[in-house]
Amino acid sequence: MRGHRSVRVLAVAAALLVLATACASTQPAGGSPTTGPVKGGTLVFAIWQEPATLAPNYGNQTITGIVNAVAVEGLLRTDTGGNYQPVLAKAVPTEKNGGVKISGDGKRMDVTYELQPDIKWSDGRPFTSADVKFTWEAWMKDPKVVSREGYEQIESIDTPNDLTVLVHYKTIYSPYLTRFGTIMPKHILEKVADISASDYGRKPLGTGPFVITDFKAGDSITVERNPNYRKKGQPYLDKIIFRSVPSREVAVAQLKAGEVQGMWNLIEAQLPDLEKDANIKLSITPAPGVERIEMNTAVNKDGTEPNSVHPVLGDINLRRALIYATPKQQIIDRLLFGKARVGSSPVSQGWAAPKGLTQESYDPKKSNELLDQAGWVKGGDGIRTKNGVRASVTITTTTGDQLRERVEQILADEYKQIGVELKISNMPSSVLLSASWAAGDPRKRGAFDLDMYSSTPAIDPHQTVNLRYHSKQIPYPGNGGNGQNYTRFKNPEADKAIDEAGSALDLEKRAAAYAKALTLLNDAAVCIWLYERSAIEAFRTNVSGYAGQVWDGITWNTEDWYMKGTAPSY
Amino acid sequence: MNRYILRRLLQALPLLLGISVASFAILKAVPGGPLAAYEASPDITDEDIRRLEHAFGLDQPVPIQYLSWLGRFVVGDWGYSFVSHQPVLGLIGERLPNTVYLMGTVFVTVLVLAIPVGVLTAVKQYSWFDHVVTGSTFGFLSTPTFWLGLLLIIFFGLQLRWLPLGGMATPGAAFDLGDRLRHLILPVATISLVQLGSHVRYLRASMLETINQDYMRTARSKGLGERIVVLRHALKNAAIPLVTVVALDIPELFAGALVTEQIFGWPGMGRLFWDAATRLDYPILMGILAVSSTLIVLANLLADVVYGYLDPRIRYA
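Protein sequence lines, in the order shown, are assigned to chains A and B.
Okay, so the first sequence: first residue is 1 according to our numbering, each after it adds one.
Okay, so the second sequence: first residue is 571 according to our numbering, each after it adds one.
Note that these hints are calculated values from the structure, not bench results.
A hint or two may mislead.
As the list claims (entries may be wrong) - To give an idea of the chain B side of the interface with chain A (calculated C-beta under 10 angstroms), a few residues:
id: 1; residue: Tyr608
id: 2; residue: Ala744
id: 3; residue: Leu747
id: 4; residue: Gly793
id: 5; residue: Gln832
Unchecked claim - No farther apart than 30 angstroms at their CA atoms in a straight line, the calculated lysine-lysine pairs in the DSSO-like style are these:
id: 6; chain 1: A; residue 1: Lys231; chain 2: A; residue 2: Lys216
id: 7; chain 1: A; residue 1: Lys231; chain 2: A; residue 2: Lys39
id: 8; chain 1: A; residue 1: Lys216; chain 2: A; residue 2: Lys120
id: 9; chain 1: A; residue 1: Lys101; chain 2: A; residue 2: Lys133
id: 10; chain 1: B; residue 1: Lys792; chain 2: A; residue 2: Lys301
id: 11; chain 1: A; residue 1: Lys144; chain 2: B; residue 2: Lys598
Predicted, not measured: the structure shown is a model, and the values here were computed from it.
No residue lacks a Cβ here, since even glycine has one placed at the ideal position from N, Cα and C.
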């Protein structure tokens with residue numbers, strides 16, 4: 001009796017779910033054709049992550065930047081083409097236009113930013129060079145800021161007048177354009193003892209199109225038109241309300257119901273359903289993150305010696321065989337609905353992405369040949385051995401990630417076909433991705449065979465390439481666990497190329513140096529570049545003006561967003 | 571009586587201290603740490619991680635970390651979140667009214683429904699009403715809230731479009747009582763249906779036991795009406811076990827509903843705890859755990875005291 005009831009309840013529930021999806025996707029078409037920007041309206045935008053803080057210097061969540069970008073601006077920003085464009089600065093300083101000068105026998109540099117005149121903070125006070133200097137000081141003063149990368153390299157800042165900022169660097173710091181992306185108001189914060197705990201954490205004041213007027217924790221963040229915004233007649237929208245929802249699924253449901261007009265960050269699996277909905281438009285842009293498998297070339301051991309050799313993965317033939325046996329396209333087609341691209345390097349987008357660099361594509365026959373030639377002989381159980389060592393390795397990824405778990409299943413099958421046993425042992429992301437020696441990150445400590453995760457380089461990839469592939473960055477007890485070169489890849493030529501790329505200013509020269517280092521990395525066959533994902537956002541059809549781009553969140557140009565017609569209520 | 575209460579309160583102190591040591595130890599035993607999420611930032615360097623560990627005191631030995639937390643906690647300094655950097659007391663303060671609003675409504679709804687339904691099912695044992703109620707309460711009791719909540723959202727929110735899909739109010743709209751109530755219905759229904767099951771079944775069982783007592787026959791033979799017999803003689807005695815159950819609901823008024831608040835995007839304590847737990851934000855977790863455990867201890871004491879008041883046979887030595 002009891003069993004029957006629960007079976008019936010389940011059946012009803014299943015029927016309801018089917019019905020729900022069916023009905024939701026057959027709504028009548030709404031929205032109107034776009035002819036030009038319209039002023040007014042409140043746009044509700046669903047975010048499924050709660051920004052803990054909106055202060056740019058303390059926030060390390062992507063969502064922090066998504067929300068505060070509507071209010072906080074920097075000296076420069078990137079456009080949809082991945083080029084820098086001036087925002088609060090008059091021009092992008094380069095060596096060519098005299099904005100960057102090399103000094104100290106080619107070992108230091110000075111960068112001059114000329115600021116736009118007549119820019120006002122949203123409270124009406126003038127924006128000046130003192131604010132830029134204050135931003136750097138605030139970043140260096142509080143030990144709780146997230147990253148000091150790029151600010152630590154600054155020796156001092158001069159402000160000869162209100163509209164000129166002269167930044168003196170201690171070294172040649174090639175990614176200098178990525179800094180000062182968020183400027184803080186000196187007149188409000190200079191007397192605040194601890195900015196992190198102040199009101200600035202929730203309502204950071206800036207020069208952007210909107211002013212953050214209300215922060216209801218866990219519920220919503222309201223931003224209203226900035227009356228002092230520098231572009232006349234903009235922004236078009238009166239208000240944006242960022243609505244905190246518990247999950248992507250709920251956000252999709254609210255978008256379909258018209259309770260919200262836009263939502264942040266979908267995954268590929270949600271696309272087939274949304275593409276059928278005539279009320280919804282999608283913004284899909286390539287994202288710089290690359291999902292990869294790293295192979296440990298040193299012995300799998302806690303605190304491993306960087307020069308030790310992994311009994312199985314130490315053999316480059318076996319590593320190459322694993323690359324040949326990885327069906328990247330099949331994974332993309334089956335698990336990502338074809339909405340991702342095959343990976344070939346850790347830097348997939350932008351000026352530094354090595355053009356024409358590829359990785360061996362799926363060819364299990366080649367794998368078998370390589371292994372046969374290298375002396376790995378198949379045993380009775382189908383698994384190969386060489387000199388008494390069984391070709392058995394363990395893969396580790398983050399627990400609870402369905403997509404990654406299914407990829408592991410596919411790989412275990414494929415690798416078995418070529419005589420390599422793949423065992424699965426996953427860990428919570430707070431351990432596997434902690435990047436902390438003390439917290440026991442197995443990648444740092446060298447206690448893994450294969451690991452699978454994703455990493456996203458910044459528009460200037462130096463940090464990523466240097467930290468992960470320079471031989472100086474191999475973590476081991478002797479250097480206090482410094483660095484993130486988890487594969488223990490060592491190549492003096494690659495080191496030289498990385499150092500060159502980090503100390504040059506000419507982008508073409510730098511791109512060539514990165515291409516050289518990353519080609520050598522692929523030759524060493526220590527990483528399998530699985531796939532490159534996309535940044536996916538969705539809007540109701542009556543919303544226009546947004547433009548997805550690679551290097552910045554969807555809210556980078558909210559001054560151009562507008563809405564036609566009133567939002568249909570549910 | 572006063573001496574009894576005082577003694578129980580004094581006994582609670584070492585107990586609460588023990589709970590806080592255990593909570594801290596368990597949180598610290600969770601692998602990883604609050605800085606794990608920082609790796610998402612491509613700019614973060616090893617020096618950054620070490621600087622942050624030092625700034626948050628995470629490089630200290632665990633017992634020292636605990637003692638410094640305790641030392642500040644007892645003088646009212648509950649610390650700052652590692653993630654939002656906001657004071658923990660302030661974070662709790664802004665969520666608490668929302669949770670009290672939700673859980674208070676649940677508390678009242680459940681009591682108002684559980685008593686008459688529980689009494690009726692016992693008085694009319696084995697009637698169709700009893701079968702329907704007993705069957706469905708058992709069903710709801712065994713339904714996980716996350717599933718029930720989603721089902722209600724799909725049916726009343728997505729299908730019928732009668733009720734909103736989540737949140738506490740329509741964003742951006744001016745205060746509107748009707749709008750508030752409509753947002754309240756589904757989360758309250760989700761928690762109440764599950765809680766109602768246990769309360770009704772408690773009361774039904776205890777009523778059935780009481781109804782068959784000798785003094786009930788005596789009351790009836792005195793010529794008292796059935797209404798008075800049931801309500802005055804039976805219910806008053808049968809309600810005693812319910813007191814414990816209800817008193818233990820009180821801490822939930824503070825702690826909120828972890829799962830339901832998450833499903834409905836309710837900005838309450840449950841969600842605060844959930845978010846803090848996913849980031850291992852110790853100061854928030856310890857603050858909430860400390861208050862919850864204190865409330866549980868106090869609620870138990872309250873239940874014992876009320877018990878004695880309702881049943882004079884119980885004496886406190």
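Results of checking the hints against the structure:
1. Tyr608: This hint holds: Tyr608 (chain B) lies near chain A, its Cβ roughly 5 angstroms from the closest one there, short of 10 angstroms.
2. Ala744: violated (12 angstroms)
3. Leu747: violated (18 angstroms)
4. Gly793: violated (42 angstroms)
5. Gln832: Holds, because the Cβ-Cβ distance from Gln832 (chain B) to chain A comes to roughly 5 angstroms (cut-off 10 angstroms).
6. A:Lys231 to A:Lys216: It holds: about 29 angstroms lies between the C-alpha atoms, which stays within 30 angstroms.
7. A:Lys231 to A:Lys39: holds (14 angstroms)
8. A:Lys216 to A:Lys120: holds (27 angstroms)
9. A:Lys101 to A:Lys133: holds (19 angstroms)
10. B:Lys792 to A:Lys301: violated (84 angstroms)
11. A:Lys144 to B:Lys598: holds (21 angstroms)
Checked against the numbered hints above, the structure violates hints 2, 3, 4, 10; every other hint is satisfied.
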